[in-house]
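Residue numbers (this note's numbering), protein chains in the order written: chain A, 2 to 221; chain B, 2 to 221; chain C, 13 to 246; chain D, 13 to 246.
Hints were generated in silico from the structure; no laboratory data involved.
All C-beta atoms, glycine included, are put in the ideal place defined by N, C-alpha and C.
Which bits of chain A does chain C cover? Going by a derived footprint, with three or more residues having C-beta under 8 Å, they are:
#1 51-60
#2 82-89
#3 126-140
#4 158-167
Listed below are the simulated SDA-like cross-link pairs for lysine to any residue, each with C-alpha atoms no more than 20 Å apart in a straight line:
#5 K146/D <-> P130/C
#6 K60/D <-> I199/D
#7 K125/A <-> R101/C
#8 K146/C <-> E147/D
#9 K166/A <-> N152/C
#10 K125/B <-> T71/D
#11 K52/D <-> I199/D
#12 K182/A <-> R154/C
#13 K125/A <-> G71/A
#14 K198/D <-> A131/D
#15 K235/C <-> D66/A
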Amino acid sequence: MALSREQLAQRVAQELQDGFYVNLGIGIPTLVANYVPEGIEVMLQSENGLLGMGQFPTDEEVDADLINAGKQTVTMATGASLFDSAESFAMIRGGHVDLTVLGAFEVDCQGNIASYMIPGKLIKGMGGAMDLVAGADNIIVTMTHASKHGESKLLAECTLPLTGKGCIKKVLTDLAFLEIKEGKFHLLERAPGVSVEEIVKLTAGELVVPNHVPEMQFPT
Amino acid sequence: MALSREQLAQRVAQELQDGFYVNLGIGIPTLVANYVPEGIEVMLQSENGLLGMGQFPTDEEVDADLINAGKQTVTMATGASLFDSAESFAMIRGGHVDLTVLGAFEVDCQGNIASYMIPGKLIKGMGGAMDLVAGADNIIVTMTHASKHGESKLLAECTLPLTGKGCIKKVLTDLAFLEIKEGKFHLLERAPGVSVEEIVKLTAGELVVPNHVPEMQFPT
Amino acid sequence: MSGFNKVVNSYEEAMSGLEDGMTLIAGGFGLCGIPENLIKEIKNKGTKNLTVVSNNCGTTNHGLGILLHDKQVKKMVASYVGENEEFERQMMSGELEVELTPQGTLAEKMRAAGAGIPAFFTATGYGTPVAEGKESREINGRHYILEESIKGDFAIVKAWKADTYGNLVFRKTARNFNPMAATAGKITVVEVEEIVQPGELDPDHIHTPGIYVDRVILGNFEKVIEQRTTRPSA
Amino acid sequence: MSGFNKVVNSYEEAMSGLEDGMTLIAGGFGLCGIPENLIKEIKNKGTKNLTVVSNNCGTTNHGLGILLHDKQVKKMVASYVGENEEFERQMMSGELEVELTPQGTLAEKMRAAGAGIPAFFTATGYGTPVAEGKESREINGRHYILEESIKGDFAIVKAWKADTYGNLVFRKTARNFNPMAATAGKITVVEVEEIVQPGELDPDHIHTPGIYVDRVILGNFEKVIEQRTTRPSA
Numbered sequence: 002m003a004l005s006r007e008q009l010a011q012r013v014a015q016e017l018q019d020g021f022y023v024n025l026g027i028g029i030p031t032l033v034a035n036y037v038p039e040g041i042e043v044m045l046q047s048e049n050g051l052l053g054m055g056q057f058p059t060d061e062e063v064d065a066d067l068i069n070a071g072k073q074t075v076t077m078a079t080g081a082s083l084f085d086s087a088e089s090f091a092m093i094r095g096g097h098v099d100l101t102v103l104g105a106f107e108v109d110c111q112g113n114i115a116s117y118m119i120p121g122k123l124i125k126g127m128g129g130a131m132d133l134v135a136g137a138d139n140i141i142v143t144m145t146h147a148s149k150h151g152e153s154k155l156l157a158e159c160t161l162p163l164t165g166k167g168c169i170k171k172v173l174t175d176l177a178f179l180e181i182k183e184g185k186f187h188l189l190e191r192a193p194g195v196s197v198e199e200i201v202k203l204t205a206g207e208l209v210v211p212n213h214v215p216e217m218q219f220p221t
Numbered sequence: 002m003a004l005s006r007e008q009l010a011q012r013v014a015q016e017l018q019d020g021f022y023v024n025l026g027i028g029i030p031t032l033v034a035n036y037v038p039e040g041i042e043v044m045l046q047s048e049n050g051l052l053g054m055g056q057f058p059t060d061e062e063v064d065a066d067l068i069n070a071g072k073q074t075v076t077m078a079t080g081a082s083l084f085d086s087a088e089s090f091a092m093i094r095g096g097h098v099d100l101t102v103l104g105a106f107e108v109d110c111q112g113n114i115a116s117y118m119i120p121g122k123l124i125k126g127m128g129g130a131m132d133l134v135a136g137a138d139n140i141i142v143t144m145t146h147a148s149k150h151g152e153s154k155l156l157a158e159c160t161l162p163l164t165g166k167g168c169i170k171k172v173l174t175d176l177a178f179l180e181i182k183e184g185k186f187h188l189l190e191r192a193p194g195v196s197v198e199e200i201v202k203l204t205a206g207e208l209v210v211p212n213h214v215p216e217m218q219f220p221t
Numbered sequence: 013m014s015g016f017n018k019v020v021n022s023y024e025e026a027m028s029g030l031e032d033g034m035t036l037i038a039g040g041f042g043l044c045g046i047p048e049n050l051i052k053e054i055k056n057k058g059t060k061n062l063t064v065v066s067n068n069c070g071t072t073n074h075g076l077g078i079l080l081h082d083k084q085v086k087k088m089v090a091s092y093v094g095e096n097e098e099f100e101r102q103m104m105s106g107e108l109e110v111e112l113t114p115q116g117t118l119a120e121k122m123r124a125a126g127a128g129i130p131a132f133f134t135a136t137g138y139g140t141p142v143a144e145g146k147e148s149r150e151i152n153g154r155h156y157i158l159e160e161s162i163k164g165d166f167a168i169v170k171a172w173k174a175d176t177y178g179n180l181v182f183r184k185t186a187r188n189f190n191p192m193a194a195t196a197g198k199i200t201v202v203e204v205e206e207i208v209q210p211g212e213l214d215p216d217h218i219h220t221p222g223i224y225v226d227r228v229i230l231g232n233f234e235k236v237i238e239q240r241t242t243r244p245s246a
Numbered sequence: 013m014s015g016f017n018k019v020v021n022s023y024e025e026a027m028s029g030l031e032d033g034m035t036l037i038a039g040g041f042g043l044c045g046i047p048e049n050l051i052k053e054i055k056n057k058g059t060k061n062l063t064v065v066s067n068n069c070g071t072t073n074h075g076l077g078i079l080l081h082d083k084q085v086k087k088m089v090a091s092y093v094g095e096n097e098e099f100e101r102q103m104m105s106g107e108l109e110v111e112l113t114p115q116g117t118l119a120e121k122m123r124a125a126g127a128g129i130p131a132f133f134t135a136t137g138y139g140t141p142v143a144e145g146k147e148s149r150e151i152n153g154r155h156y157i158l159e160e161s162i163k164g165d166f167a168i169v170k171a172w173k174a175d176t177y178g179n180l181v182f183r184k185t186a187r188n189f190n191p192m193a194a195t196a197g198k199i200t201v202v203e204v205e206e207i208v209q210p211g212e213l214d215p216d217h218i219h220t221p222g223i224y225v226d227r228v229i230l231g232n233f234e235k236v237i238e239q240r241t242t243r244p245s246a
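Whole structure, please, built from the sequences with the hints as guidance.
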């Protein structure tokens, strides 16, 4: 079975370490905050100028001056700090964020990522994504492995305009957890019930498959 | 008579305008603060991180955490702000300071200034002077016109290592107030009782002397 | 009246001098921390052919988005188009020139302009469409591109409080691009929720010193929320 | 204990990992806002061949100056030598390598290192000895030189207050180079006058977010004044 959005978030959350400063992109990455493992504390960085993002506010707590990068109303966690956009991206560009999680349309086995536009169809803009992928050492891309029509999004070479070049090392799809190194995808784990064959079929870029590919583990 | 240190400061103070943000260098420039004309308000920028420098503290007010760029204890004027050194030099380099006053060993008629070292003899370091002369549009250099041995310090070409190139337009010496333009010194005013001949004799760089050179005026 | 008093009393005066074809830098992130009434004044003035530099262009009906209706904007420099249909439509149709700029690069371009730094190297955008036409260079084994600073004829800024000298304090994430925008305008106009006397703001807490600010005006803010997201009360 | 607790309880622990030949970035301006006891610990450790990056090198008997006595410093990157005879002596005699760097350029080099900007253009120093060996370029009719960022293996910082997460607040002009230094160290150690609990510092008033800080230690400060200058009491 392909992973649900919640399972994607849960699997990413397993990569968190105590004391990590983490930037979570819009969409599935945002859900990761709901699955921080017991005994671990992380601080969430929101690139519009907040380190230590808290949960959503109650109706009474809503403050138009306190939003996250997805423009949602939020609260501050204890020990939070506020700063301007230049400082925020100094943190990001300077490599001070321990983990960045973001979505993508395509990745390829050179570590390239495309996530901000589909020429002629869709232009969202890159927002902070180009800075995040260029600045972080530790990035996890969360995405669907293939389109609804079965076209792989893990390519030999991205077809869409790039968000970043040679910067992605870890990809979590709804089917598999993969590492990118030496110009190849390396299959690390498969989603529960998903066969290696299916993953191979839906991965267009060169894929290295070890003898044993463990299933992802989720707490029950 | 050559101007006293106080008169140099007084003459510079006549260039102040209401609402000016001013950086005063160490030495004679610092004295300018004592002669701000009636009805005019200026704010003093101290490049170590203070805008709105006040007078010296009383014994009771002395605070080791509040000093000026000359490392003297100071106070804050009403409406002062504090900031870090990067912000301070953003103001300076970005051209936000309205007037900069600083000393020099030599200037020349190309607008070059030398003020931070005499090879083999003296190395003070440039401190913030290189940033100040590069960042400001409106600079007044205060200096003695010649050495004790009668050697001009207003040269055709500086002999000492430069602090800045082509950035000086106004020079106030103990003998004269001069403008630098089109590769020449232009005599604007002479110190009371100082003859044009004496100024000509002590100016090594090309000097343009108009028919009438007014004496500087000082309040009595 | 002190030469440092920056307070103006009408929006007309606040935006006087803004002319067709000028470059306008605006603070704000989405609809958070935007100078709402300065933007409305620009709409009322009908100034045309503006180049607007701002992370977003508001939404279709709020913030900078209202300048798109009457085609007041010739060119937009922004990082994000999403959530503004009119912006996307004018961009796709070619009516509006758009220079998509990464968010951190945009913030740094504004800061650099204010700080007298004409250009800087950044890894952001290397190997992407953003790098086209720009110098790239390898430094210590990494690839970077050269980005130029971006200065505005006008900067419009939203702060929480100002004193009459133009010292500014921002509130929470409404700070965002505002401090950099304030430094990057030849003329910087700030709209605030409260004006206090000099000396009332703690000098250690001032985010933007008044040296960057030319005009301050007291405004009433609507503060539209784009994504009101809540959890149940306990 | 939280993964974000940065507090250490001994100077030995605070400076552990500092080794011969490393680059050390230090906050402070003259003797104002210097991490006094972190410097003393380096003297006690006897670490040698250091490259020290700081606006000044203290005075002969205080601050970083105490590292000059035992020749612990191989190279000094600073803007100002004056008022420290031993510094000047070692520089003139060639015992100490010195890279004189304009004060604003030095501050920006530290900030750039922390902000992932490897190099930037500045007009400061163009046409002077500072420009030697550096690229220069004309941009929009002005001349600039290219300056590279400067990163430290260690940064030592003095703040007024910290919370246990390493969020910092500075006081008056003791702020100076400290916030930039804090961002520029691979390991950043901060000595403070007071440690408070997370949540006690107003998030809007924090000058340096804890993300830049690795270790915090509570210190006792002598705060030597270089130029005590007073006016008569009224």
